[in-house]
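Letter by letter, the chains look like this.
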Amino acid sequence: MPMDATLRGIRLVGERTLRIVERVGATVAFLGLTLAQSATSFRRFGLVIREIFYAGVQSLIIILVSGLFVGMVLGLQGHETLQNYGSEQSVGVLVALSLVRELGPVVSALLFASRAGSAITAEIGLMKATEQLSAMEMMAVSPISRVVAPRFWGGVFSMPVLAMLFSAMGIIGGFLVSVVVIGVDDGAFWSQMQAAVDFRHDIVNGIIKSVVFGIAISAIATFEGYEAPPTAEGVSGATTRTVVSSSLAILALDLVMTAFMLKGWN
Amino acid sequence: MTNLVEISDLNFGYNDRLVLKGINLAVPKGSLVAIMGLSGCGKTTLLRLIGGQLRAREGSVKVAGYELNHIGQRDLYALRRRLGMLFQFGALFTDLSVYDNVAFQMREHTDLPESVIRDLTLMKLNAVGLRGVQSLMPSELSGGMARRVALARATALDPELILYDEPFAGLDPISLGVIGQLIRRLNDVLGATSVLVTHDVQESLKIVDYVYFVSEGVIVAQGTPDEIRASHLPFVHQFVWGEVDGPLPFHYPAQTIQNDLGLRGG
Numbered sequence: 001m002p003m004d005a006t007l008r009g010i011r012l013v014g015e016r017t018l019r020i021v022e023r024v025g026a027t028v029a030f031l032g033l034t035l036a037q038s039a040t041s042f043r044r045f046g047l048v049i050r051e052i053f054y055a056g057v058q059s060l061i062i063i064l065v066s067g068l069f070v071g072m073v074l075g076l077q078g079h080e081t082l083q084n085y086g087s088e089q090s091v092g093v094l095v096a097l098s099l100v101r102e103l104g105p106v107v108s109a110l111l112f113a114s115r116a117g118s119a120i121t122a123e124i125g126l127m128k129a130t131e132q133l134s135a136m137e138m139m140a141v142s143p144i145s146r147v148v149a150p151r152f153w154g155g156v157f158s159m160p161v162l163a164m165l166f167s168a169m170g171i172i173g174g175f176l177v178s179v180v181v182i183g184v185d186d187g188a189f190w191s192q193m194q195a196a197v198d199f200r201h202d203i204v205n206g207i208i209k210s211v212v213f214g215i216a217i218s219a220i221a222t223f224e225g226y227e228a229p230p231t232a233e234g235v236s237g238a239t240t241r242t243v244v245s246s247s248l249a250i251l252a253l254d255l256v257m258t259a260f261m262l263k264g265w266n
Numbered sequence: 001m002t003n004l005v006e007i008s009d010l011n012f013g014y015n016d017r018l019v020l021k022g023i024n025l026a027v028p029k030g031s032l033v034a035i036m037g038l039s040g041c042g043k044t045t046l047l048r049l050i051g052g053q054l055r056a057r058e059g060s061v062k063v064a065g066y067e068l069n070h071i072g073q074r075d076l077y078a079l080r081r082r083l084g085m086l087f088q089f090g091a092l093f094t095d096l097s098v099y100d101n102v103a104f105q106m107r108e109h110t111d112l113p114e115s116v117i118r119d120l121t122l123m124k125l126n127a128v129g130l131r132g133v134q135s136l137m138p139s140e141l142s143g144g145m146a147r148r149v150a151l152a153r154a155t156a157l158d159p160e161l162i163l164y165d166e167p168f169a170g171l172d173p174i175s176l177g178v179i180g181q182l183i184r185r186l187n188d189v190l191g192a193t194s195v196l197v198t199h200d201v202q203e204s205l206k207i208v209d210y211v212y213f214v215s216e217g218v219i220v221a222q223g224t225p226d227e228i229r230a231s232h233l234p235f236v237h238q239f240v241w242g243e244v245d246g247p248l249p250f251h252y253p254a255q256t257i258q259n260d261l262g263l264r265g266g
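Chains S and U are the protein sequences, given in the same order.
With our numbering, letter number 171 in the first sequence gets 171, and the count goes up by one each step, no holes.
With our numbering, letter number 227 in the second sequence gets 227, and the count goes up by one each step, no holes.
Some clues are possibly wrong.
[As the list claims (entries may be wrong)] Here are some, though not all, of the chain S residues that point toward chain U, as calculated from beta-carbon distances under 10 Å: (1) LEU133; (2) MET136; (3) VAL141.
Hints in this document: simulated from the structure, not taken from any laboratory.
Note that the Cβ used here is the ideal one computed from N, Cα and C, for glycine as well.
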């Protein structure tokens, strides 16, 4: 019956939408719980430093190498396009603005979600599956404050630094391709970049974006790990959900923030 | 003798399925009590109710004077500082060394200087015969060693009540004997009270003071080890002597095999 099929379709869409809304709500509630139980993380900052090492420092290689390649591609593409208009000297501006405004925060966040976010989810999920979180609860130690909060803050602190390093490496990559290889004047490359890139509107806005992405990725990764069914299949599913949900959240948040930033938050 | 654990008229279930029905149980101070039964009979659920990890639907669970059905988070954590729990497979923190696992609660709940924590930790490890593995990680331990380290961790703060969830599961005969003797010795040396959930009859009857038998969510028998060994109750007899058939049939209830195989006349 076509009517039945239509109703089933509508019901399916409704159920899925409700599930997504419920999941987003639960993640936000979990984020609130994590923030409320973050005192231990700041009192014993060594716990956060350890997580910055695992999430941030160990993501450095992939971030730096990816940044270099993205910058090189931007240099090549930018030079190719700009020379049609006789503006190839502005390739430095194109590379820098693309990186600090958009590609630096967004691509580094996507890489961070895949590399560190999935690792955080798997680690917390496995701790749950092997009853380590229950053991902690039975020792009167809150797993949220001892396990989740340090990992959350480790991710939040790491993300903007990684994004800045990604952009810096990208600019070096763009310089290598357009100045060293193609032969664009290095004075024009740097001086035009310096004149066009605004500290407040470009660099600070890029950092704000990366902080927001860091919060989103860390909240999703810790939530998915904490709520993972305590089985091998449950942990693997949670890891996948972390990468998918984080990537979608990054792109959606980027759109919203870019819209506000271009209008000057007014 | 006063009771450290008192359970009366307890009912508990998951969704519509009642797992424990009308349980009445008492654990006197200083005693070592076993709760025995087949896998899935509800004994681990009972242990989780005593540890405050689950809340009863009806009835009362009193531990050290606290009514657990109405206990708040603060009181629950205050109570848990007086408890120790050994999980089925140890649940050691895999990111911490053996030494750090045992020192974990001391660091979380006391202001003792590190030198004192070191001495106490080494004494706890010495008590289970594993001072020599203090620098190893949990992944480098055998199953029996992990269980002994977990025992040292569970007794780190000299708890009043120690809960054991299947402490003999998956152990070789020598490790099994070692763990059994340690459980008895630690209970007596620390002046603690212990509740042991297990289906290992022979090892448990050697060390415990009293036994409760649970079957299908009901306490079907109780008594001292000698009374249990001499019991003529069909269920207890079958369980203690490991008989294949008896009140608990070999076959799980099902339709006839002829029906399942689609044979004529089934």
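So which of the earlier hints does this model not fit? none
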